[in-house]
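Trainee: Let the hints inform the model, and build the full structure from the sequences given.
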Amino acid sequence: LMDYINKLLDCGIPLIVRMVRNFALKILKKPPGKNWMHYFIKYYYKNLKSAYLIGLNLEYKKADSIFRIQKFFNLISFFNCFIYSFII
1 LMDYINKLLD CGIPLIVRMV RNFALKILKK PPGKNWMHYF IKYYYKNLKS AYLIGLNLEY
61 KKADSIFRIQ KFFNLISFFN CFIYSFII
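Residue 84 in my numbering is what sits at position 84 of the sequence shown, and the numbering runs on without skipping anything.
Simulated from the structure, these hints should not be mistaken for lab results. By construction, the Cβ of each residue, glycine as well, lies at the ideal position given by its N, Cα and C atoms. Each hint should be verified, as a subset may be incorrect.
[As the list claims (entries may be wrong)] Listed next, the in silico DSSO-like pairs over lysine-lysine satisfying Cα-Cα at most 27 Å (straight line):
1. LYS49 / LYS26
2. LYS42 / LYS29
3. LYS26 / LYS42
4. LYS34 / LYS7
5. LYS42 / LYS7
6. LYS30 / LYS49
7. LYS7 / LYS29
8. LYS30 / LYS7
9. LYS49 / LYS34
10. LYS26 / LYS7
11. LYS46 / LYS26
12. LYS49 / LYS71
13. LYS49 / LYS29
14. LYS71 / LYS7
15. LYS34 / LYS46
16. LYS49 / LYS7
17. LYS46 / LYS7
18. LYS30 / LYS42
[Unchecked claim] Ranges of calculated distance between the beta carbons of each label pair, as one might list FRET restraints:
19. TYR4 / SER77: 11 to 21 Å
20. ILE16 / PHE73: 16 to 26 Å
21. ASN35 / ARG68: 31 to 41 Å
22. CYS11 / ILE41: 16 to 26 Å
23. ILE69 / ILE41: 27 to 37 Å
Mentor: Right, dumping it as structure tokens:
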């Protein structure tokens, strides 16, 4: 799970708690506990990478950039490949 999280972050896909929780659910075949994420981060914090989301209002100004639009669609197609390979 930790390697998968870091791989997604390397690709520029920041994760939210709900996404990581869903990944754990797929692996464990049962929902993780209430404080599971807190303990996961506490235990693996040295091995995990972190990323921050940029506010959407800043992106509206830059929305007309063809480079940003292409990057967005490349990330989405890459993310879809990861999801399908994870599920199958």
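Trainee: Please test the hint of 16 to 26 Å on the beta carbon pair from ILE16 and PHE73.
Mentor: holds, 21 Å
Trainee: Between LYS30 and LYS42, is the straight-line Cα distance small enough, at 27 Å or below?
Mentor: holds, 21 Å
Trainee: With a cut-off of 27 Å on the C-alpha distance, tell me whether LYS26 and LYS42 pass.
Mentor: holds, 21 Å
Trainee: Between LYS34 and LYS7, does the CA-CA distance stay at or below 27 Å?
Mentor: holds, 25 Å
Trainee: Taking the CB of TYR4 and the CB of SER77, does the distance hold inside 11 to 21 Å?
Mentor: holds, 18 Å
Trainee: Decide if the proposed pair is consistent with the structure: LYS49 and LYS7, CA atoms, cutoff 27 Å inclusive.
Mentor: holds, 9 Å
Trainee: Given the hint that LYS49 pairs with LYS71, does the C-alpha gap stay at or below 27 Å?
Mentor: Roughly 21 Å separates the two Cα atoms, so the pair holds.
Trainee: Looking only at beta-carbon atoms, does the pair CYS11, ILE41 fall within the given range of 16 to 26 Å?
Mentor: holds, 20 Å
Trainee: CA of LYS49 to CA of LYS26, is that 27 Å or under?
Mentor: The given pair, whose Cα atoms are some 21 Å apart, holds under the 27 Å limit.
Trainee: Against the 27 Å threshold, does the CA-CA distance of LYS42 and LYS29 hold or violate the hint?
Mentor: holds, 23 Å
Trainee: Starting from LYS46, check that the Cα of LYS7 is at most 27 Å away, please.
Mentor: holds, 15 Å
Trainee: Is 27 to 37 Å respected by the C-beta to C-beta distance linking ILE69 and ILE41?
Mentor: holds, 33 Å
Hint violations for this structure: none, all hints satisfied.
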